Amino acid sequence: MTLPEGDDARRTADAVARRSYGKLVAFLAARTRDVTAAEDALSEAFASALADWPVNGCPRNPEGWLLTVARRKLIDGVRRRQTGDVVSAQLQILSEGLEDAAEQAERDMELPDKRLALLFACAHPAIEAGIRAPLMLQVVLGLDGEKIASAFLVSPAAMRKRLSRAKEKIQQAGIPFSVPDRQELPERLDTVLSAIYAGFAEGWTDPSGTDAIRRDLTDEAIFLARLVVELLPQEAEALGLLALMLYAEARRSARRNAAGEYVPLAEQDPTLWNATMIDEAESLLLQASKLEAIGRYQLEAALQSAHTCRRIKGRNNWAEVVQLYDALGTLTDSPVVAINRALAIAEVDGPEAARDALRDIAADERITQYQPYWAARAELLSKTGAYDEAHQAYDMAIGLERDPVVREFLQKRQASLKRH
Amino acid sequence: MQYLLLLHSNEAGWAQLTPEQQEQGAAAYMAYGEALRKAGVFLGSNRLRPSANATTVRIVNGKTQVLDGPYVDSKEQVGGYYLIDVKDLDAALSWAARCPGASHGVIEVRPVWQMS
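If you're matching them up, the sequences are chains A and B in order.
If you use the working numbering, the first sequence corresponds to residues 91 to 510, in order.
If you use the working numbering, the second sequence corresponds to residues 368 to 483, in order.
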């Protein structure tokens, strides 16, 4: 056997971590529902791997190797923490099944994939909505707490506390590690998908893609969506979500010009878009539509498709876009949808009609601190010649923006008002 | 809860900007202050003169000692602050991220010790 360099061992460990982390956590935690213990055992197993593999060579079946070591650590952990009857009960739970599975995995047999059950546990309605996406990213993908905290703009200490509280809840409240039955599935799947989308949205807010943490987050969200699609290929909304995220991701690099300035969708160069991702998104959307179960993600993906199509083929399809927003509005009651609908109305019926549409949502408290609302308002006001009001609206948009490049873009728009 | 957002940045940075960039930078801070006020979270704010204008005072062995310059001699200095009143740390962090200072320096978010 050739002895691989330390680097090789690390690369193999990284690759296994990426591919199998969630699978191993899911498997280790499925019986006890103790996610923290499973994670601890697995991270010890990875540490052992990094010490062992460079010396003894990478095992033929790294996943099985890790599972065996992690299982041993898990049992050691229970022995250390508990005493008496509790320990024997827990050990019995652990040794049943785990042993067989570890042996199976070592014999190159496929480890049963319980990641879907793990995703459903992380996004269970009993878990606080805001922590579901971070929890999935950590438990299924192994992202560390600090990275997640930065991406979600939360203090690392608070994020650690929330994550551990959520994991405790999974165990204490008896949240099941199972895929809901057909009746419950649509609703429960929706919470899984919306947590994945929340992760993607956090990553998307860095248009320059210079912040590696945020960029990675969109990749991770796409990875999770692919996983759901792979495990539930007949779910139209899962296909829709993956399509939606691929459309958006395809435009990432076009959001900046050579000078590093922000480029809005209407001014982007479609040749810079990732055609492979767009093709994949189109075919996913088509596949979803054949399942005849329309939902918000498919509608949002259809909107992305319409915008993409308009720019590539130069076809005016704004009326169709307004219709899609109408449909989406009835499904979601989201102020974000209402803002985008107003901007589309401006293209069809003119800025006055759009301004009226926007006025209807101004009462919604959620939007007063939402930058896109003020940017949209400013743009519509300037089109109707209300320059002073437009100027004030731009001030709000600028004050609420956190990306310096977008802020500069808005300032330029605001400055161009003066020329009127 | 009240939070003090302390803006730390490289003092030499401002002088390196073109007048146009300075104007744009100042306007961004104005807009930020406006957004804080409209959101009803603004309590107070000031920009500080450069740390070269700072003087430190302490009493050592019963004698006053007065020194020119800032307490910590570093390239990064406190250049201003915002005092805000928001629901929790998450809200304070989200306002800190919107501060123009976050993209050319560091915003330190400190909860105020409220006296009841």
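If you're looking for bench data, these hints aren't it; they were derived computationally from the structure.
Since we're looking at a predicted model, the values are computed, not measured.
Cβ atoms here follow ideal geometry from the backbone N, Cα and C, with glycine treated the same way.
Mixed in with the good hints, there may be bad ones.
In silico contact screen, one side only, chain B against chain A (beta carbon under 10 Å); selected entries [unchecked claim]:
id : residue
1  : 383
2  : 461
3  : 467
Consistency of the hints with the structure:
1. The closest approach between the C-beta of residue 383(B) and any C-beta of chain A is roughly 16 Å, which is over the 10 Å cut-off, so the hint fails.
2. Checking residue 461(B) against chain A: minimum C-beta separation of about 6 Å stays under 10 Å; hint holds.
3. Hint on residue 467(B) holds. Least Cβ distance to chain A is approximately 7 Å, under the 10 Å limit.
Violation of the numbered hints given earlier is confined to hint 1; every other hint is satisfied by the structure.
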